[in-house]
Structures are given as structure tokens and as C-alpha cells.
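A.B. asks: Bring the two chains, given one by one in their own frames, into a single complex with the hints.
The chain contents come next:
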Amino acid sequence: MSELASLNDNQYLTFILERELFALNIVSVREVLELTNITNVPRTPEFIRGVINLRGRAVPVVDLRMKFGMGRTERTVNTCIIIVEVVLDGEAAVLGALADSVQEVYEMEASQIEAAPKMGARIKTEFIRGMGKCGEQFIIILDINKVFSAEELAVVFDPGAGQGAVEPQEAQLNA
Amino acid sequence: MGGLFRAADGAIHGEEAMPGDDIHRQAFREEADELLTELEASLLELEAQPDNAELINKVFRAMHTLKGSGAMFGFDDIAVFTHDVETVFDRVRNGEIGISKKLLDLTLASCDHVKWLLEDPDLGASPKMNKGPELLEGFRAFLPALVVEDASEAVFALEDTGDGVEDRGGNIYRIRFRPDPMIFSFGGNPVHFLEDLMALGPCKTFAHLDKVPRLSDIEPASCYVWWDVLLHTSAPREEIQDIFTFIEDQCELHIDLVAKRDELEDAVTYKKLGEILVERADIAPEDLEAALSRQKRLGDILTEAGLVTKKQVESALAEQQAAKEVQAKAAPAATAPTTSSIRIAADKLDFLVDLVGELVIVQAQIKQAVVQSGDSFMMSLSEQLERLSDDLRDSTLGIRMLPIGATFSKYRRLVRDLSAELGKEIELVTSGEETELDKTVIERLGDPLVHLLRNSIDHGVELPADREAAGKPRCGVVTLSAEHSGGEVIIRISDDGAGMNPERIKAKAVERGLIAADAELTNKEIFNLIFLPGFSTAEKVTSVSGRGVGMDVVKRGIDLLRGSVEIDSSPNKGSVISIRLPLTLVIINGLQVMVGDEYYVAPLSIVEECVGLSRNGGREGDQSQIINLRGESVPFIRLRDWFEIPGTPPRIEQIVITRVEGMRVGLVVDHVIGEHQTVIKGLGRIFRDVEGLSGATIKGDGTMALILDVPGLLRAISEASAA
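Quick note, the sequences are listed as chains W and X, same order.
To convert, note that position 175 of the first sequence is 175 in the working numbering; the numbers rise steadily by one, no gaps.
To convert, note that position 322 of the second sequence is 322 in the working numbering; the numbers rise steadily by one, no gaps.
Treat the hints loosely; a few may be bogus.
Unchecked claim - To be clear about the criterion: a stretch of chain W counts as covered by chain X if any three or more of its residues have a C-beta under 8 angstroms from a C-beta of chain X, and this derived list gives those stretches: (1) 48-58; (2) 67-73; (3) 82-92.
For the record, the hints were derived by calculation from the structure and aren't laboratory data.
Don't be surprised by glycine CBs; every beta carbon is placed ideally from N, CA and C.
The shape of chain X in the complex, shown without the other chains (with noise of 0.2 angstroms):
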């Protein structure tokens, strides 16, 4: 089977046709660590917040569904054990056991079970890790009694036999059956005959017990009690009465189909319960009207005045919601509208994107030969050709980008367990979550986040004892929040905890050799010290941190992601970490400029305007100058100088003023060419030191421009100068 197919919960999931289940396999898994991270979602906010039943709902319909899913796909380990769980959580959505710490553990430590499960279905691999056993145990602890399926008990309780009415695409039919009291002597059992309607579909049951006389008056042999059916079944109503063929005499049996399934699809509502009622000839119509006029409910007035008994309205009532339950999902459109969504492997777009990349290059030459060649009707077509590659291009970047949100709150499991392991108590706070980054990034962001968090929570923040002791509030608060700057994207992570101590860094730093003894540092510079490899503070190794190979490892990822990662910290205050990155890989739009004989591209993003310059007053090799633009002092740099770049500039230069960090600098440069799509190339790991350059990019005339990290510039030029 190739093509597209939907999957339990209603994903569309596109593949090429391939041979084999394991494509169906491998998309189960997609689905189920999804589901599996909304369910640890659920379950975490559910230990704030224990008695929210859409929370327990969606912690059971997650359940609910790898169960059946994996059932589906061939996962027959994780279906029987969720099976269980599922069970479990029937009991708290039904109200019979309430959410405790011990279920809530419990339950997380069930999810690592599933999704170890999910990587080795073939528990033969490895039975000693094999915690299942263990875990039903526990759950099998909360059950009061061991859950028997029995159908009989199910005929005296109102229960459904299925989730709700299911889209069956039947018809839902009011069977109103009245054994005659004598049905025993005839060798008729009313139970049978409900089972036999079970069968045919989903079932709604109403035992009628109004006629039931006292205890002292019962006689064993009769049959006092009769009920109403709500059957919705894609059964032909023969089929129906079949069932009762052979006691057709010995009962009042009513088979009224109370809705098609088209009619209910039309009907804006279904009937009112008055007229359902009325339907049954359970109430004549002028006391319905009498009831009417009064201001209450008219379920409550009828029974009140004895017209029906409190069943009788209970079973129109559910009549009712039969109904709505099937219009609801005979038209879903017409409900809160559904992002519907498409899951494609990620090399696919990754290729798409290159190809896009790729198409913005030809477009480029495209532009520039046409604009050589002066040809007016050429030149239109080619801004055409221009917006629809930048749509395109913005469109498919907009696809990897995706909200770090769903980052963040995969920490908050992080935080809870290990909080709880060091015995600290600790709380998560994150803001920002809407902040887009490109998704490679996210994914590679990952682990140095993951590193960072632990650091904060190991040696930062202090045990609750300490932090009363120090004055502070017994709950350390660790923030990760995301925010857009520039052409940036700055993610911090702070605690308020013991903060770091310089002298104790430095110190190390010395003994370690990576400094000097007598060198003379900024506290900033001492704080990131803790960047090089093989450096570490903590007193002892725990299973968390303090080996050493942490926090260069973290600066490695990030410098990979041609980012940069700041420490600032307070003693007994806490400390903070600012990762800057770039806000895309791949393309952005760059104002292409020449000095000398070379080009270079600044990202347009942080242009804000070109002024010319001409040469009087500039001293040769002065680095930095300050230009009066409109009353405001504007430093700039130019990068002839910075650069070596041989030859004579022209008598009337450009700057190109930006704004970095929230200042505005000027770059002096020859001439200012134009925009330029620009596709960022890295420029490999021999030219990972060099400073002031983010990458480079093709031109239009297939030769290579320089791109200018403005920031990286403007750093190192201070570094120098303040040497």
C-alpha cells in the first residue's frame, strides 16, 4: 500500500510505496513520541492542577490511543501494557480514584517504559531491563478489585459500550421493551435478549425499576423491572426485532427509530426533551405545556409532578445527547476549525530548501545579465522571476522554522525529576516560547540546553536548607526564556542560586595552567573561563555534572551553530547564560559592497542607511572615526583598513550605517553595489577563528563574496584596540 494513508488518531501520513510494514512501523513511532510527550505534558500540569478532568481525559485518550495504535501496527507489547494503565485511568476519570503523587509518578515512569518498548519491541533483547512487570504491579495496586469483564453487569449500570456513540454511519433506534411479568415461567430471560441487542451495536440502557413493589411484596419468579434501549446500530430494524421474535407476545416491545443518521446530520438540534417525551407517551401534551410555563428545568418539573418517573427523563435526556453526539461527528467542519497537518521526512525539506537555495543563486545571475543587456521586456519578467523566488524562499525558510516552545517545556520533566533526585525544590519558568528558530537549530540547541539546565540546577541553585539560611525563599527559580534581537535570537538561562565565584574560578583556571597567575581579567572574562576544556569547579563528580567535559562541549555546539554563549553572575544572586544565533542557516537578504577589489555582503536585516564620506579629514590607519549623521555621533570603522586590503580608495567612500546591539556603527567601504539574495556557505573549520566573518556566498557571476559578521567585527576591533 503506497500512497497516503491515515492512521489511528487521523494523521495523514504521506509516503512514497514501499515493501513492508516497517514504513507504518517507523510512522507509529513518529506518532507515538508525540503522544508521549503530550502525555508527560498532561501529566506534570496535572500535579499542579489534580482535579482537571479535560487533563485526566487527555491523559486517557493518549493511552487510549497507543493502545490501539500499537495494536495496529504490530506493537502487541506496548497495547497490552498500556491496556492497563488505560484501565487505571478509566477508574480516575470516573471519579473512583483521584490523582496522588505515587499514580503520577507511576505513570511518567510508564512512558519511559513505552518508549523504551518502542525501541526494542523484542523484549527477548534484554528481559533484566524489562520494568513492565513491575510498574502493572503498581498500577494493578490502585485497582480496588480485579476489573472482570462482565456483560451481564453492564445491563444494570449506565454504561456505554464504547466510547459514545461512534461514527457507524447507522441510525439510532428507541427500543422500549416491557417483558411481561410472567417472562420468567416462560423460559424468557429479559438479560438475553439485552445482550443480543449489545451485539448490534453501541448501547445506551435504561432499567425502569418504578414498578419494582417492596421488598416484602416481591415475588422472586416475576419480572417487575423494563427498559429503554438507545441502540445505534447500521442494523436493519428486522434485525432488531428478530431478537424478540419468540417472545413477541409476552412483551410490550416498542422499536421506534428515532433519528437517521442524515436527519440528524440536517437537524440543526435534535428534539426538545418535552417532545421526546411526548413522543414516548410518557406525558400527554397539555402537561407538557403546564410544565412550560413555569422558569424550571423541565426534566426536574415533570418528575416533580409525577408525570415521569426520574429515569424515564434521564433516558430522553440521553436520547438527546445520542443524537448531538453523532451530529458533532457527522460534522466536524462545522465545530472549532482543525489545522489539519502533514508529516514529511526531514531530508526531504532539508533537500527542498537546498534546492530553493540553489534557485535564488540563478535567479541572481539571471537578474544581473538581464540587467546588463538593457532588454526592458526581459527586465520585467525577471522581477517577476525575483518576487516569486523571494515568496518562495521565505515560505519554505518559514517551514523549518519552528516555536522553541515545544523545547522548553520537554525541560520541564528535566527539572522535576532532577530537583527531586538532589532533593532541591526548584521551579521551571519559561517565556518566549512563540520565538521561531530554524529547525536544525532547535534540534541542535538541544544538548547544550539540556547541559546548561542540569548546571543550573546542580551547582547553582542551592538545597532549600541553604537558600533559608541565605534569606531566599526555599523554591529556587530557574527562567529559560527566548527573544528576537536584530537579526539574533538570544535564549538565556538564569537561576537565582549561589552564583559563581570569580576568585574560586580564577584560581582554578591558574592551577589548571589556562591562565596566567598574575593575568588580569574582567569578572566577565573570568566567568567564561569555564568555556575551556577540562575545566571544572565542582567539588565532587556527581552522576549529573562536574567531569569536566560539559561546558566546552556546550560552547562547541554553539560555536557550530556560528552562535556565541555568555556567563554573567552574581555571588549568592545566580547567575545567567545568554546563547546568541544566528536567526537562519541558510538564506538571508545581504547588501552586497566592494573594497578594493573584493565583495562582501552585510546582512540587509541591520542596515539602516548608506552615507557617503569623503576623504578629507581621515587619517590613514585610524580604526575607528565618528561621523556626525543628523546631530547623532556615529563611530565607524573602516574595513579597508581592518582588512588589509591593498590599493587606494576612492576619493568619495560609502558607509553603510548598521545597528548592532543597539548601537549604531558605519562601515566604510568603496561602493555599495545593491541587495543580494544571499546563501549563506560556511567557510569550514580553518576559518572558524577568523573574526568579523559569518560565511560566504556565491555571486552572480559564480565567484565568491565574504559575508560580515558585523557583531564578531566590532568585537574584535575593541579587543584590539583596547590591547
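Looking at chain W on its own, in the form it has when it is part of the complex (with noise of 0.2 angstroms):
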């Protein structure tokens, strides 16, 4: 699928966090899924709300939104798994990122998209690939690989906390 889509790596899945609208270049999506039971995987970070049986494999989802500090997912109708593939540690790794909807796949040129502001944007600004447009409102382009970096995802605990003590290390983004 990689060789395929490398020759249409101008287009982009759009969906909706929280009202804002974000997207990600289709090379790394691999499906879209209706929300199913997320099990839980105790212990883990908030935003990591568990795991999905995608085909006899188990695939860890991330709530987006709670790792932008956008507060947690609500489930309606028209939210959605968002399953990507992205390197981790050397290695291709398959996730589910949450999305409260998923609008359409849309074309951008690379000249039609700016650099990632500095700041004033509520992300870390290196999870933005880019500024895309669509109209009157603005794309956030997200890096996948940079989101879902094995730093990112890290799910370490620290023996010495006790019980329930559990720290990603980037809660930084609770703004």
C-alpha cells in the first residue's frame, strides 16, 4: 500500500477533535472503524483507553483528545477509530486513534500548506506537519510518527510511586 500511496502523498483524511478540524496524510491510515467495546488495558495512561480485536489481532486505541488536552472522547453516533500505522522503535506498528467524526479525504498541494506556527497553537508544535485550508477554516496536519512516538506512548511506571501512580511523561500538554 506504501508504493501506491507514495504517489498520492498530497492527500489527506480530515476529522474532527473537538470541533477543530485536524488531518493526516492518508499514507499512514490504514482504515476507519465505527467505535466498538474498548477494553481496557488497567494502569495505563488516561489517554490510552485500551484495546479493539481488529481482525484476531489487538490493536491499543489513544484518545486524541484527551492527549491534546481536549478532554475525553464522548461516544456518539459518529465517532470513530482511525486506525494507523506508524513506526515505532524501528518497527511498523499498527493503532487506533479516536475521532469524534471523520469528514472526507481532501487534496493539498504542498505549496498550499504553511509551516506549523511557533506557537499559540493548544498542541506541541511538533506534532504539526503543517497549515492546510479548506475554505475559510484551517487544517491542522498532524505528524503521526511524532504523536505516536515511543516517547509519546511511553506507559512507564515508577515502582516507587505506590499504587495508581502513573505519569506519562508528557503531561505537559495538560494546558
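C.D. replies: Now the structure itself:
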């Protein structure tokens, strides 16, 4: 799939997180699923909602809203799981990301994309690959490999902290 | 050619029809690999028992098979090379050359060379690496003279023209050839006739010299020798007779069909020696009876009595032997039952296991649906289905289980070579070779084990002189053991070497910034620091170890197998490395439980019983408590608390009593659902460090349940409460 998709690397899947429009390059997107029951994995950071059964495999699901400090994703009829493929520690890994709703695949040339703003964005600038535009609205194009990097997803426990005190390393997002 | 085919050693290879002969070459490679492994093992055993004829034979046969199959599948270099090695071992077999360390070293090096040839049959690719000529030189040094294949030599010696009587589907003829003494003047040379006989099939030839007079009386132009030839051939009698057509009148010729093949197959034993000699008119029946009435062996008696010559007896015995061999070859099933085996591609097996896994899941779903429907006919069908799929699951997983002994034997060579290289004396002791593990686990365990072994040999065991100075025996002992315990396999590598110095390790760790200078650690924790990346206390880097990239890779490898590794050590006494691995990566019997809205599965192998627990007397948030179970104090953990599951528990909860590492521990859950066929699915890298969970499984309704890793859970909880 990657070979074919690299011919169309100006195509982006747009989706909504709390009324803001985000986008992912479809190179990384495998499929979009309806929200199913997520099995919670205990003692993991809040933004890791758990795992789902994807054709026999356990796929972790991340709540992007929570990661970006926007509060927990609510279950609505439009809520979806976007299945993405990223490179994690040198290996391909499949993950799911919760989205309030998924919009459309939008084509944007490189010339239409501006650089990420240095500050003022709600989320860390290194997560943003660029800013696109759809009519009047800005689209925040995410770099999914940065969002789902090993450090960001680190599920590290401090043995001295006793029960329940689990702090993910990127807690600074909760602005 | 597709379908099944039989390779040179009788193994059946089943493959789909494919073009070209790649598939045969691949089959040969696999077979050769196995042969080489066996060969190495035999050679190493020979070192300890240089006179063991059986071992020598084994080595010879292996070389012989390699040569034959190599030629058949186009690996000519291997065929040519092994031919010379085989020749030397033939001499060893005959007792002409003895086993020496030099010979063994040379042969082991040859095994390596053959392995190299297997990978690169096109020698032109890297002629510099070709050790072949060098090795062959070494072997030729063992041969007293150049081996010249001279057919006429063979006539006068007791030699076989083959590996005993081959199963050629022929008959055995006894040809008694007594040429007239004047035969040379008639232009006949007996040697030619004997050669012609040999062309018809394998022969055992006996030259009778009883008529040869004393040296002073010999007439050079006369032939005093006569022969008995046992010929195994499928050629008809006429053809044998044709050979002697021209000298029919100048010799006494008897051609007797000693036994037809089918006769031999049916007969329980061939004729007795006495019968044979009487048949040949070598003795009279009365003489036979008289001799038999005494206690000595018949042949000796007759020879001593001057009734027959020793050669006649030998010749008759050989006939008997030849017949026995034909019988043995013709009826292999009558002897020890050999287990036939079949070689299949590993990914076919994996595919099969996956299918069985999926089947098990669907069967669980059917069961659930049927139970809900309450239809009794369907329920009995579902039960039958469950029994069948259980059996299928067990036997399929059983196929993947191999004894670890094969891996252990491979290490003997490593230990031998490495200790020689380092100038140390080390003995490898193994136990628990029959312990079975999943084939994938064994494969993935190979590299970590090798590294740990090397470590023990390089850093653990001291030089012989140092050992003596420390009051230890010169020869160090490295022990490899494997055993089942609970639902796990424990593999231990221990050495009686110098052990590890906790102070030095701690200092190094502080120096590398891996721990704080004032950190308080138990000895065990200190020893386990060496698994951290970048750590190495070796004073110098050897070719073997010391680069600091080994131990953390070992740990990684073992983590990937969902196992754990630990070191314990006493200075000057030695170290023990213990690796714990789950028994199987794939399907286990599980007990499904429910806590709040979440489902979990505990491996049934550790569950002993379930007991009800009422909520009074339990303090909120208290991690561990103890209950009194029939007089025994059993501690328990509330999963709800540890997993921070919201909601209130029911008034009566359940405790699942498990046995872990010799101890009984209870797990408090809301409900116990029941048995569940658990196909283990990995949780993925993200959850690798989550303690207490070893994977996930798919429930009957398609959603996932988490599998509990009870030992891990206990470790985590005890660490947390210790902090």
C-alpha cells in the first residue's frame, strides 16, 4: 500500500476533534472503523483507552482529544477509530486513534501548506507537520509518527510511586 | 516430479509440484544439516571413547551418505571432498588408523567446510575462503600410501565389493571354481574370470590355498589355488555359466543357487554351518554328527579334525552371513520398529496452528450461543465439537513442541572450541534434555543461550592455574538444565567459576550513570544491572564478549518470548542464570473472570480452586489480606483495587486460589465466568511494560479480554508495597 500511496502523498484524511479540523496523510491511514467496545487495559495512562479486536489482533486505541488536553472523547454515533500505521522503535506498529467524526479525503498540494506556527497552537508544535486550509477553515496536519512516538506513548511506571500513580512523560500537554 | 519422493537416506520429503531441482537441493541441504549435526555429536563423543566401533561406524556412514546424496543432488564439491574423508575413516573402521585429537580436529574442521560448501556450492565465488585443499592435505597425511583402486588386488583379499549384500533383489550363488593346474598354459587367467564374476554383482571371494605346495616345490606355471565365490546377483544362471565357457573343460565348476531371495525372506534362519559344509561335500554327514556331539564350535572342531580347512569354514560362514544380511534387508519391519518421520515446511505448521487458533475461537462462540439457546440437541453437538477441537488443539500444539536436548547438544562443540581457544578446561553438563518447548521458543532462545554460555566460559570460569590456586579442580563445570515448573519452563546456566563481584558491578553502574551513587540495592538487583544496555565490566574486550552489547540483547530476546531472566552469584563459587519462559505462545486453557465491566482470563494451569468471599472485614484500598483456607493462611489481592476499576463490588466476591512459584495466592474478582479456550494474542510493544498482563484474547462475543500474568502481578505488587 505504501508504494501506491506515495504517488498520492498530497491526500489527507480530515477529521474533527472537538470542533477543530485535523488531517492525516493517508499514507499512514489503514482504515476507519466505527467505535466498538474498547477493552480497557488497567494501569495505563488515561489517554490510552485500551485495545480492540481488529481481525484477530489486539490493537491499542489512543484518545487523541485527551492527549491534546481537550478532554475525554464522548461516544456519539459519529465517533470513529482511525487505524494508522506508524514506525515505532524501528518497527511498523498498528494503532487506533479516536476521532469525534471523520470528514473527507482532501487533496492539498505542498504549496498550499504553510509551516506550523511557532506558538499559539493548542498542541505541541512538533506534532504539527503544517497548516492547510479548506475554504475559510484551517486544517492542522498532524505528523502521526511524532504523535505516536515511543516517548509519547511510553507506559512507564515508577516503582516507588506506589499504586495508581502513573504519570506519562508528556503530561505537559495538559495546559 | 512432484508429490513425495524418497531421498538417499530413506526420508520421505513431501512437497508440492515445483519446477526445477531447487527443491531437491533444498531438501538435501536440510538433510545435510541434520547429518552434520549428528556427525559433530558423534565426533565429540569419539573424543571421550576413541575405541567405540559403533561411533566410528556412525561417522563413516554419515560421510558416506553425504557423499552419495551430494553427488545425486549436484553438490559435486561436497561429494569429492567427503570421498577423501570417508576413505580415511574407512581405514579407521578397519583398525588401520586410530582416533587421535588431530584427526578429530581435522574432521570437525571438515564439517565446517562442508557447511560452507552447502551455502556456496559455487566455489569460484570466494576461493580464498576455500579450506578444502588444506584439509585434504591433512587427511592424506593419515594415509600410509596413496589409495589405488586396483581390482585385481581385491581378488586375493577378503573384501566386499560394496556395503555388504545390497538389496538388489537377486539371488545368491555359490560358485566353486577349481581350475586345472595347467590352466595358464591354456591361456586362461583365473583372475579375469573372477573379475567377470564381480561385474555381475557384489562378491565375497575365498581363495583356498590348501593345495599350494612348499616353496621349493612350486611350479610357477601352475595354478594351485581354487576359489569359492559367493555372488549376489539378479543375473540369470546362464550368464554366470557363460563366463566360464572357454575354460569349461579345464576346470571343475560348480554353480549352486544357494538361496533364492524369497526363500531367504521366508526362512527364519538360513542353513546351519554344518548343513552348508555337507552340501558342499566338504565333509561327510557322519563326520558332522560326530563333531556335533562335542561341545566346541562346529567350525573349529571340523578344522582341528582335519576334515575341512579353515578357509572352507570361513567361506561357509560367510555364506550364512550373506544370507542373514539379505534377510535383514528384506524384512526391516521385523526388526526394531523405526519411527518414520516426515519433514514439512515450518510455515505450513504455523499456518495450521493459526487455523486451529481461529477454530478454537469460533468453537467458543458457538458454545456460548448454544448455551444461551438452551437447545439440548445443539448442546450435545457443541460438546462433541468442543472435545474434538480440544484434541485437535492439543495435538497440533504438540507438534510444535520439541525436546530442548537437541539444542543442548549443539553447544558441546561451542564449549569445546571456546575453552580450547581460551586455554581453559571446561566440562559441559546437561540435564533435562527431554524437556519440551515450543519450536519457536527454542529457535529464539538459541542466540541468548549462546551468549550466556560464552559469558560463563569467558568471564565466569577461571584459567586452570587460577582455579588450582583457589583450591578448585582444574576443570570447570558449566551446567545447562531445563525443567517444567507450573506453567513455565525454567532454563538454568550455572558455572562454578569466579562469580560476580557486587561492588565492582555497582561501581561500574554508577560510573555509567545507570544508578545513583547512593542507591540502595540488594545483591540480586545489583547483579541484574548487567542487563542494562551499555554495561560491561570486562577488563578487556575479547573476540567473544566484553563489548557490552550482549546482555541487554539477551534480555531483549527473552522479553520478546514473554519470559524473564535473573542472575544470582557468589564470589568464588560461581553464578546461576535462570531464564523463565511460558510454555506456549499460542493457546492455553483459561479461567474467565469478571471485575466490574472488565473481563480477564487467568491461566487454568495455575488455578487450584475458587472460593466465595463476603465483603465484611475488607478494608477499602488495602492491597493484600489473608484468608483462612482450611487451616492454611492464603494471602489474596483485590484485582479491582490493583487495576483501579471503578464501581462497587458485589456483596459476595470470588477468590480464585492460584499456585504460583510454590506459593498459594488468591485473586479477588466479582464473578468467575468459566473455562475459556484462550488463544493468546500479544498486546503489542506499547503495553510491553505493563505488569500483570501477559496478553489478550478474543471472547465469544468478539471483544477482547486481558490475560493475567499472575507471577508478574505478584512481583509488581510486592515491589509497590515495599517502596
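A.B. asks: Now look at each hint and say whether the structure bears it out.
C.D. replies: Hint check results:
{"no.": "1", "hint": "48-58", "in the structure": "holds (count 7)"}
{"no.": "2", "hint": "67-73", "in the structure": "violated (count 0)"}
{"no.": "3", "hint": "82-92", "in the structure": "holds (count 3)"}
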